[in-house]
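The primary structure of each chain is shown beneath.
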Amino acid sequence: MVAVLDVQAGEKAPGRLSQEAVWGLIFLVPYIVLFLTLVIYPVGYGLILGSNPKSYVRLWTDPVFTRTIVNTVVFLGVAVNIKLFLALLLSGFFVHEKRWIRWLSVIFILPWAIPSIPTILSFRWMLNAEWGMLNSLIFRLTLEDGPNWLLDRWSGLGMISLVHIWKYLPFWTLILLAGRLAIPKDLYESADVDGASGLQKFRYVTFPSMRNLYITCTLLSTIMSLGDFNSIYLLTGGGPADSTQTLATLGIRYAFGMSEVEVGVTTVVVALPVMLPLLVLMLRRMRKGEQP
Amino acid sequence: MSLRKIFNEARLMLLGIVIFIWTLIPIYHLFVMSITPRVETFAGALWPSRPTLENYETVVKQGHYYLEHFWQQLWNSAFVAVMVCAITLAIASTATFAISRLRVRGGRLVSNMALATYLIPPAFLAIPMYKVMGVYGLLNTQWSLILTMVTFASPYAIWVLKQYADKLPYELDEAARIDGASPLQIFRLIYLPLMAPSLVAIGTYALLLAWNEYLYAFLLLSADKDITLAVALGHFLTTDDAPFNVLMATGAVYALPPAAIYYVFRRYMVSGLTAGAVKS
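Protein chains in written order, with this note's numbering: chain A, 1 to 292; chain B, 1 to 280.
With the rest of the complex left out, here is chain A (with noise of 0.2 Å):
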C-alpha cells in the first residue's frame, strides 16, 4: 500500500491531484450529509409549514401575537446594549494586571461556564413573591411586601432582560478583553505623554480601536439573543397570561402548547425579514475578519 502511494506521490500534478481532490471529498462528505439531512431540509420543511396564509391572518388577529414582537423588540433592545455597553466597561477593569482580579476573572466567568437552567430556576425561587429571598429581605427591612416582580409584564421583563445579562456578560466581556488586549500598548504611552486623561484614553485610543468589534458583537448578540428561550421559558414562561413571550417561546407555545404547529413555524418566518439582512450583514463581517 505504501509503494503504491509513493508511486502516486511522485507522479506529476493531474494523478496527485486527483487523489488529493478524492479526499477532500470523503473528509467533506460527512458535514455534507450532516448540512442536507439536518439543516437545509428542516429548513426547508419550516419554509413549507410556514406558507399558509390562514396562519398569517391568524397571528394578525392575535393580541398575542402583536404583543410578542414589541416584547421581543424591547427585550433585544434593552438586554443587548445594556450587556455590551456593561462589557465594555468591565473589560476595562479585567485588563488591569492585578493577582486579585485575575482571581476575579475565574470567578465572573461563572454564570457562563455553568448551565443555566438551575440558576434561572434559582432567580425564578428568588424573586417568588410571597415566599421569594428577595421579598423576604425586604419584608424585613421595610415591613412592606415587595412588588410581584414575574408577575406583571415590565418588571416581568426586566427580569428577563437582568437573567439574559447575568448569563452572558462573562461571555462578552471576554471578547471585548480580548479585543482590548490586541490594542497597541504604545498607542496608550503616547497618549500618557501627551498628557491624557483617561475618559480621553477612552474617547481617543480605546473606542476607535474597539468600535469594529464592538458593532459586529452587537449584531451577533441580537441575532444569539433573538433565540434566547431558556431565559423566558424558565422565568415567567411567557405568563402572565402570555405578556411575556417573545418570539423563541411563543412558536414553541403554538406549535406544542396549542398544536398549531403551522402557526408556530409562521411566528419565525415572520421575523425573517428582519433577520436576513442581519444575518447577510454579520456574514460578511465575519468574512472579512477571517482573512486579516
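Be aware that a few hints might be false.
What the hints assert, rightly or not - Residues from chain A shown here face chain B by an in silico Cβ test under 10 Å; the list is partial:
(1) 21
(2) 22
(3) 43
(4) 98
(5) 111
(6) 124
(7) 126
(8) 128
(9) 131
(10) 142
(11) 143
(12) 264
(13) 278
As the list claims (entries may be wrong) - With a straight-line Cα cutoff of 20 Å, these simulated SDA-like cross-link-like pairs (lysine to any residue) come out:
(14) B:131 <-> A:256
(15) A:54 <-> A:198
(16) B:5 <-> A:97
(17) B:131 <-> A:48
(18) A:54 <-> A:260
(19) A:288 <-> B:108
(20) A:54 <-> A:253
(21) B:225 <-> B:62
(22) A:98 <-> B:7
(23) B:167 <-> B:193
(24) B:167 <-> B:196
(25) B:131 <-> A:198
(26) B:131 <-> A:93
(27) B:5 <-> A:193
(28) A:201 <-> A:93
(29) A:288 <-> A:210
(30) B:5 <-> A:188
(31) B:5 <-> A:195
(32) A:288 <-> B:20
(33) A:201 <-> A:222
(34) B:5 <-> A:101
(35) A:201 <-> B:5
(36) B:131 <-> A:259
(37) A:98 <-> B:108
(38) B:5 <-> A:198
(39) A:288 <-> B:5
Rather than coming from a laboratory, the hints here were simulated on the basis of the structure.
Every residue gets a Cβ at the ideal spot worked out from N, C-alpha and C, and that includes glycine.
Given chain A, work out where chain B should sit, using these hints.
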C-alpha cells in the same frame, strides 16, 4: 504611593466587590436553598437555621417522585454530551482539513454555509427539526438529540478550526508529501497533533453545549428513562408544590461537572474561542 493612586485602587476594589456579589447572588441562593431543610423552605432566610445535607441525600438515593431515575438521567446527559463532543470533533476536523489543507473545490462554499448555519438561532429551527426527526423515525431516541446538537455545534467548530488550520505552515504538508505521505497520513500525523489545542477547546465547547441543552432535549425526548437531567429539572416546574430544595440540590449536582470541565480546560477555552471574534 500618591493619594490619587490610593483613590484609584479603592475605586477598583469597590467595583470588584460589586462584580463579585452580582456574579454570586443566584449561585449563593441556589446553594443556600439546597442545604435548607424542607420545613424552612418558605422562610426566605439568607442562611438556614439548621443547614442540612438531607436534600442531597434525597437526590443520591432517588428518594423523590421527580428523581426516580436520577442516576439514569445523569448518565443520559453524560452519554449525549460525550457523543456530541466526539461526533462534532470528527466532522469538524475532517471538514476543515479538506477545506483548509487539501483546498478541496467548493470548500469555501461549505464553510460559508456552515457560518450561515451558525447564525440561525437554534430555537427558531425547533419545530421543523422536531418534524424532521419524526420523518427519520428518531423521535424519542437519544440519537435525535445527539444529531441535533452536532448540527448546532459543528458550524462554530468549523469556523474556529478553519481559522487555526489556515495559520499552520503549508511547508509541513509539502514536506510530508515529498516524503510520500498520503492525505490520510498528513491528517493523522501532522494536522491532528498540531491542531490539538483548538480541538480541546472545540471539544469542550461541544460537550458543554450538549450537556446544557434544555429546549431540544425536552422536545425530542419524552420517556423518563431517556430524558437528560436538564429536562428532569424542568419537570419540577409542572406543579406548584414542587420540592424546591431538592430541585436546587439536583441543580447543583447538574451544574458541577460542566463547571469542573470548564475550569480544567479554561486555558484552551479562552484563547481558542475568542480568537475568532477578535479579528473582525
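Here's how the hints hold up against the structure:
1. Hint on residue 21 of chain A holds. Least Cβ distance to chain B is approximately 6 Å, under the 10 Å limit.
2. Annotation: interface hint on residue 22 of chain A holds; nearest CB of chain B at approximately 9 Å, less than 10 Å.
3. Among the interface hints, the one on residue 43 of chain A holds; its C-beta lies about 7 Å from the nearest C-beta in chain B, closer than the 10 Å criterion.
4. Restraint check, residue 98 of chain A versus chain B: the minimum CB separation of about 8 Å is within 10 Å; hint holds.
5. The criterion of a C-beta within 10 Å of any C-beta in chain B is met by residue 111 of chain A, whose closest approach is roughly 6 Å, and the hint holds.
6. This hint holds: residue 124 of chain A has a C-beta 8 Å from the nearest C-beta of chain B, less than the 10 Å allowed.
7. Interface restraint check: residue 126 of chain A against chain B, minimum CB-CB distance 5 Å, threshold 10 Å, status holds.
8. At about 8 Å, the closest approach between the beta carbon of residue 128 of chain A and any beta carbon in chain B falls short of 10 Å, and the interface hint on this residue holds.
9. For residue 131 of chain A, the interface hint holds, since its Cβ comes within 10 Å of a Cβ in chain B; the closest pair sits about 4 Å apart.
10. About 14 Å separates the beta-carbon of residue 142 of chain A from the nearest beta-carbon of chain B, more than 10 Å, and the hint is not met.
11. Taken as an interface hint, residue 143 of chain A does not check out: its beta carbon lies about 15 Å from the nearest beta carbon of chain B, beyond 10 Å.
12. Against a cut-off of 10 Å between C-beta atoms, the interface hint on residue 264 of chain A holds, since the closest Cβ of chain B lies about 5 Å away.
13. For residue 278 of chain A, the interface hint holds, the least distance from its beta-carbon to any beta-carbon of chain B being 8 Å, beneath 10 Å.
14. Taking the CA atoms of residue 131 of chain B and residue 256 of chain A, the gap is near 12 Å; set against the 20 Å cutoff, the hint holds.
15. Between the alpha carbons of residue 54 of chain A and residue 198 of chain A the distance comes to roughly 58 Å, so the proposed pair goes past 20 Å and is violated.
16. Proximity of residue 5 of chain B to residue 97 of chain A is assessed by CA-CA distance (about 15 Å); at most 20 Å being required, the pair is judged to hold.
17. Between residue 131 of chain B and residue 48 of chain A the alpha-carbon distance is near 12 Å, which keeps this suggested pair within the 20 Å criterion.
18. Distance hint between residue 54 of chain A and residue 260 of chain A is fulfilled; the C-alpha atoms sit about 12 Å from each other, no more than 20 Å.
19. Between residue 288 of chain A and residue 108 of chain B, the direct Cα distance comes to roughly 13 Å. Compliance with the 20 Å bound is thereby established for this hinted pair.
20. Distance hint between residue 54 of chain A and residue 253 of chain A is fulfilled; the C-alpha atoms sit about 18 Å from each other, no more than 20 Å.
21. Of the pairs offered as hints, the one joining residue 225 of chain B and residue 62 of chain B holds, with about 13 Å between alpha carbons and a cut-off of 20 Å not exceeded.
22. A distance of roughly 16 Å separates the Cα atoms of residue 98 of chain A and residue 7 of chain B; the hinted pair therefore holds under the 20 Å criterion.
23. The suggested pairing of residue 167 of chain B with residue 193 of chain B holds, with an alpha-carbon distance near 14 Å, which does not exceed 20 Å.
24. With a C-alpha separation of about 14 Å, the suggested pair residue 167 of chain B and residue 196 of chain B falls inside the 20 Å cut-off, and the hint holds.
25. Straight-line distance between C-alpha atoms of residue 131 of chain B and residue 198 of chain A comes to about 56 Å, which puts the hinted pair past the 20 Å bound.
26. Annotation: proposed proximity of residue 131 of chain B to residue 93 of chain A is violated, straight-line Cα distance about 47 Å (limit 20 Å).
27. A distance of roughly 18 Å separates the Cα atoms of residue 5 of chain B and residue 193 of chain A; the hinted pair therefore holds under the 20 Å criterion.
28. Of the pairs offered as hints, the one joining residue 201 of chain A and residue 93 of chain A holds, with about 14 Å between alpha carbons and a cut-off of 20 Å not exceeded.
29. The hinted pair formed by residue 288 of chain A and residue 210 of chain A meets the criterion: a straight-line CA distance of about 16 Å does not exceed 20 Å.
30. Under the criterion of a C-alpha separation no larger than 20 Å, the hint pairing residue 5 of chain B with residue 188 of chain A is consistent with the structure, at around 18 Å.
31. Between residue 5 of chain B and residue 195 of chain A the CA atoms are separated by roughly 16 Å; this keeps the pair inside 20 Å, and the hint holds.
32. For the hint linking residue 288 of chain A to residue 20 of chain B, the alpha-carbon distance of about 37 Å lies beyond 20 Å, and the restraint is violated.
33. At roughly 28 Å between alpha-carbon atoms, residue 201 of chain A and residue 222 of chain A are farther apart than 20 Å, so this suggested pair is violated.
34. Simply put, residue 5 of chain B and residue 101 of chain A have alpha-carbon atoms about 17 Å apart, close enough for the 20 Å limit, and the pair holds.
35. About 18 Å separates the Cα atoms of residue 201 of chain A and residue 5 of chain B, which keeps this hinted pair within 20 Å; it holds.
36. Between residue 131 of chain B and residue 259 of chain A, the direct Cα distance comes to roughly 13 Å. Compliance with the 20 Å bound is thereby established for this hinted pair.
37. For the proposed pair residue 98 of chain A and residue 108 of chain B, the alpha carbon gap of about 43 Å is over 20 Å, so the pair is violated.
38. A distance of roughly 13 Å separates the Cα atoms of residue 5 of chain B and residue 198 of chain A; the hinted pair therefore holds under the 20 Å criterion.
39. Straight-line distance between C-alpha atoms of residue 288 of chain A and residue 5 of chain B comes to about 42 Å, which puts the hinted pair past the 20 Å bound.
The earlier numbered hints that this structure contradicts are 10, 11, 15, 25, 26, 32, 33, 37 and 39.
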